[in-house]
Amino acid sequence: MSDVTTPPAVLRLDAVSKSFGSNRAVRGVSLSIQPGQVIGLIGENGAGKSTLLKILSGNYRHDEGTIAVNGREVQFRGPADALRAGIGVVHQEQSLFTNLTIAENIEVNTPIGRGGVNRLGLYNWRRLYADAAQALDLIGSHLNPKTRVSDLSFVDRQMVEIARAIRVSAASHTTPLVILDEPTAILERTETAILEREISKLRDIGSVIFVSHRLDEVMRICDRVVVMRDGELIADRSVDDVTEEELFRLMVGRETHAAVRNRRSIEPATKPVISIQDLTRAGSYTDVSIDAYPGRVLAILGTSGSGREAVARAIFGAEGFDSGSVSIAGYSGRPSIKKAVALGVGYVPAERKTEGMVGEMPADQNITLTHPGSAAIGPFELPRRRLSLARLWFEKLDIRPREPEHMLQDFSGGNQQKVVLAKWLNSSDLKALVLDHPLRGLDPGAAETVNAQIRSVCDDGTAIILIPDTIDEALDIADDIVVMRDGRISGVFDLGHDNPATLDLLERML
Amino acid sequence: MVHNALSKQSAVGIDTTAIRIRESVIERRARFRGLAEPLSLLMALAVLIVVFSLLNERFLTTSNFQNVLTQSAIPLIVAVGATLVILLGSIDLSVEGVMGATGMTWILLSANSRGGVDLGPWAWVIALGVALVLGVASGLIFTALKVPSFIVTLGMWYVGLGIATMLYGTDLLPRLEDEGLKGWTSRISFGLPNSFWVALLVIGLGILVLRSTRIGRVTLAIGNSETIVRSAGLPAFRVKVAVFAIAALLSGLGGILATVQLDIGSPTVGSGVLFIVIPAVVIGGTHLGGGKGGILRTVLGVFLLTILNNGLILSGVESSYQSAVTGAILVAAIVFAAWSQRDRLRVAK
Chain S
1 MSDVTTPPAV LRLDAVSKSF GSNRAVRGVS LSIQPGQVIG LIGENGAGKS
51 TLLKILSGNY RHDEGTIAVN GREVQFRGPA DALRAGIGVV HQEQSLFTNL
101 TIAENIEVNT PIGRGGVNRL GLYNWRRLYA DAAQALDLIG SHLNPKTRVS
151 DLSFVDRQMV EIARAIRVSA ASHTTPLVIL DEPTAILERT ETAILEREIS
201 KLRDIGSVIF VSHRLDEVMR ICDRVVVMRD GELIADRSVD DVTEEELFRL
251 MVGRETHAAV RNRRSIEPAT KPVISIQDLT RAGSYTDVSI DAYPGRVLAI
301 LGTSGSGREA VARAIFGAEG FDSGSVSIAG YSGRPSIKKA VALGVGYVPA
351 ERKTEGMVGE MPADQNITLT HPGSAAIGPF ELPRRRLSLA RLWFEKLDIR
401 PREPEHMLQD FSGGNQQKVV LAKWLNSSDL KALVLDHPLR GLDPGAAETV
451 NAQIRSVCDD GTAIILIPDT IDEALDIADD IVVMRDGRIS GVFDLGHDNP
501 ATLDLLERML
Chain L
1 MVHNALSKQS AVGIDTTAIR IRESVIERRA RFRGLAEPLS LLMALAVLIV
51 VFSLLNERFL TTSNFQNVLT QSAIPLIVAV GATLVILLGS IDLSVEGVMG
101 ATGMTWILLS ANSRGGVDLG PWAWVIALGV ALVLGVASGL IFTALKVPSF
151 IVTLGMWYVG LGIATMLYGT DLLPRLEDEG LKGWTSRISF GLPNSFWVAL
201 LVIGLGILVL RSTRIGRVTL AIGNSETIVR SAGLPAFRVK VAVFAIAALL
251 SGLGGILATV QLDIGSPTVG SGVLFIVIPA VVIGGTHLGG GKGGILRTVL
301 GVFLLTILNN GLILSGVESS YQSAVTGAIL VAAIVFAAWS QRDRLRVAK
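Those protein sequence lines, which keep their order, are chains S and L. Per full-length UniProt numbering: the first sequence = residues 1 to 510. Per full-length UniProt numbering: the second sequence = residues 1 to 349.
If you are wondering where the hints come from, they were derived from the structure by calculation, not from laboratory data. There could be a bad hint or two in this list.
[To be verified] Quick list of in silico lysine-lysine cross-link-like pairs, DSSO-like style, CA-CA up to 27 Å:
1) S:K271 x S:K338
2) S:K271 x S:K201
3) S:K338 x S:K353
4) S:K431 x S:K353
5) S:K338 x S:K201
6) S:K353 x S:K271
7) L:K146 x S:K146
8) S:K353 x L:K292
9) S:K353 x L:K182
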């Protein structure tokens with residue numbers, strides 16, 4: 001940056017637009033990024049962020065406007081072109097080959113895809129490993145490049161993706177532009193902190209576009225924040241003169257903050273809906289006892305090795321345990337998913353796409369899949385009734401677009417999650433709901449709707465067991481908090497009379 | 001502010017030794033797994049050898065050893081191609097048809113009892129050309145028209161058989177005339193049967209292709225996720241067609257060798273090979289879903305099945321029971337191999 005003349009922008013967009021049929025997903029977006037800048041890109045699900053990123057990664061072609069990289073206008077005909085121009089994208093869904101080594105994943109995309117291949121067309125493994133180690137070193141990671149990606153934790157995989165993105169740019173002799181699409185959406189807090197530290201290092205190497213739903217994160221990491229809404233870029237601010245509340249308002253277009261929950265302690269006489277006693281599964285959790293009461297939200301906090309997800313799955317019968325007991329509404333026989341559902345338990349899994357929904361089925365059929373409710377007469381389901389029932393849920397949970405006859409896989413993540421939730425809410429007798437990371441990947445607007453719905457079913461007398469993404473989420477919505485560490489319970493709080501600070505909780509988690 | 005307190009805490013709270021420890025655990029686990037999987041196969045092989053040598057003293061002799069190697073040579077050659085196809089996440093059922101068509105083409109163009117032309121080495125080129133055409137056709141139909149490989153190659157199996165039958169016509173059996181070629185496959189050079197030397201060469205080349213060439217690495221990548229391959233700008237189309245072509249060429253080579261071994265041309269020269277090859281790949285530990293596995297494992301799988309067959313015969317198991325026994329052992333082995341790969345909800349399709 002000691003140049004007298006200012007260097008050209010790493011990336012310059014001029015009135016870029018993209019339509020799908022009549023739907024204008026991106027409308028006249030103009031944006032310019034200087035070397036060494038970290039730009040935050042925020043917006044609700046469906047605001048056009050993903051489409052914009054796909055244009056930059058060469059997956060979509062824009063209809064109008066121009067894109068210039070390092071001062072030169074470019075036309076991307078495919079992902080390979082974008083890579084060659086020095087734009088590396090770390091996608092929201094992981095895009096690593098899990099069966100290959102770290103080194104290959106980093107090198108596989110180097111320009112013309114010839115990383116480490118010698119003149120005979122054979123791989124030069126030694127060079128491949130050396131180059132990959134160098135790329136990892138640049139971002140301060142000391143992973144062994146010979147490790148297979150399937151052996152890595154999520155945060156390490158993100159590091160590999162970032163290393164790859166940088167490697168691609170470095171090999172084409174351009175200032176790297178790394179685009180991170182919600183890199184922290186599915187990370188635990190501690191992992192997020194590691195990743196944040198690495199992102200701030202990227203500033204010395206190149207520029208970054210950081211897409212996230214977590215506003216606090218954006219404020220910490222970025223120099224500038226741009227906000228998208230309805231396909232348009234509506235604000236471009238420096239982080240110094242904007243507040244989190246203002247960003248939220250810009251993004252969602254309305255003021256929202258749920259009223260502070262009015263909490264009470266557990267009434268002495270109430271019986272728990274779900275009661276687990278001394279539950280143990282070797283290598284996962286030990287002597288876990290938890291009671292979940294009707295009309296209360298119980299949040300289980302813990303890091304990724306705490307075993308809290310496995311406990312939640314055991315309650316629903318989706319995973320076995322070695323000893324102890326799970327009793328649901330008085331029944332404490334052999335647990336199974338079938339039994340749990342029959343007893344009125346619902347489960348929203350973290351792996352939404354594989355366990356929570358049938359993507360190749362219309363949204364309305366997904367809703368009536370488990371509990372047909374009023375859509376069925378005896379064993380027969382009536383399509384018209386099903387559709388009108390689905391319309392009610394679409395209205396109630398603000399699922400967009402309001403087209404329940406469309407395949408569920410065509411909806412955005414937040415709206416899919418609402419459909420999954422509706423599937424359980426459609427039960428006439430929902431006694432308990434187990435929510436495994438229900439807000440994962442949801443934008444703040446959708447998260448508010450889901451949370452509001454959780455509160456309302458809870459107030460109707462359902463017991464909620466929640467595995468939250470963040471401590472804030474737990475403090476926001478829970479009545480009881482159980483903290484787990486290394487498979488054991490390390491703290492229990494009844495928020496009716498306890499008032500734990502974030503640090504208290506964090507201390508018990510680590 | 002809650003957020004600020006949290007961020008400061010985590011910035012201080014990162015303990016790099018914990019990360020180092022995790023990295024070393026990752027490495028150790030990977031190294032252990034790399035050893036453990038082939039080890040269990042080798043152990044199964046050892047158990048079989050011990051059991052059969054106790055049952056019959058003729059089992060553990062040089063001549064039987066060479067016999068087993070000759071029997072395994074053709075399945076090994078074909079299985080190298082099958083492994084590549086399965087690593088893509090596809091399957092090639094056309095093996096026996098391609099073997100028939102290639103073998104028949106070759107013998108009719110070589111010196112045989114029906115007379116006709118003797119093209120010498122050109123017979124090899126033309127016969128393997130037939131295999132290549134069948135393979136490229138399968139590959140193109142599969143890739144360009146997006147028909148499941150299962151269906152395409154099932155059809156190609158019968159196309160191959162049809163070609164072989166048409167060439168065969170209604171004439172007398174074409175019998176091999178060249179004395180130098182007769183019995184060549186089971187003749188011993190440097191201690192090993194000739195056909196096994198060919199198999200070793202093919203295995204070596206296969207490992208080289210899979211480990212160190214673009215085709216091989218992209219094959220593994222496609223098996224893992226074709227979506228990612230495409231969005232990374234890698235040549236998915238070309239590689240898929242190439243792999244089907246390679247597999248057909250190897251089936252063709254196997255067909256010619258089988259014809260030499262049989263001494264006569266027959267459309268069904270490859271009969272029974274598919275039922276060794278596909279199970280061998282799976283028992284070896286290559287995932288039917290693609291992406292994971294390797295050629296050496298398949299080699300172990302082929303040996304396991306050939307030794308099993310050979311041992312059963314020597315132990316005097318009646319031939320009518322043999323296929324039932326082989327089949328049952330096969331199912332058991334596959335259940336065992338697939339046990340660790342069940343998903344969390346124990347779903348199988």
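A quick look at each hint next to the structure:
Between K271 of chain S and K338 of chain S the CA atoms are separated by roughly 23 Å; this keeps the pair inside 27 Å, and the hint holds. With a CA separation close to 53 Å, the supplied pair K271 of chain S and K201 of chain S exceeds the 27 Å bound. Our distance criterion of 27 Å between C-alpha atoms is met by K338 of chain S and K353 of chain S, whose separation comes to about 20 Å. Taken as a hint, the K431 of chain S and K353 of chain S pair is honoured in the structure, with Cα atoms around 25 Å apart against an allowance of 27 Å.
With a CA separation close to 50 Å, the supplied pair K338 of chain S and K201 of chain S exceeds the 27 Å bound. Straight-line distance between C-alpha atoms of K353 of chain S and K271 of chain S comes to about 35 Å, which puts the hinted pair past the 27 Å bound. About 35 Å separates the Cα atoms of K146 of chain L and K146 of chain S, which puts this hinted pair outside 27 Å; it is violated. As the CA atoms of K353 of chain S and K292 of chain L are separated by approximately 23 Å, the hinted pair is consistent with the 27 Å bound.
Restraint check for K353 of chain S and K182 of chain L: the C-alpha separation of about 59 Å exceeds 27 Å, so the hint is violated.
In this structure, the hints that do not hold are numbers 2, 5, 6, 7 and 9, in rising order.
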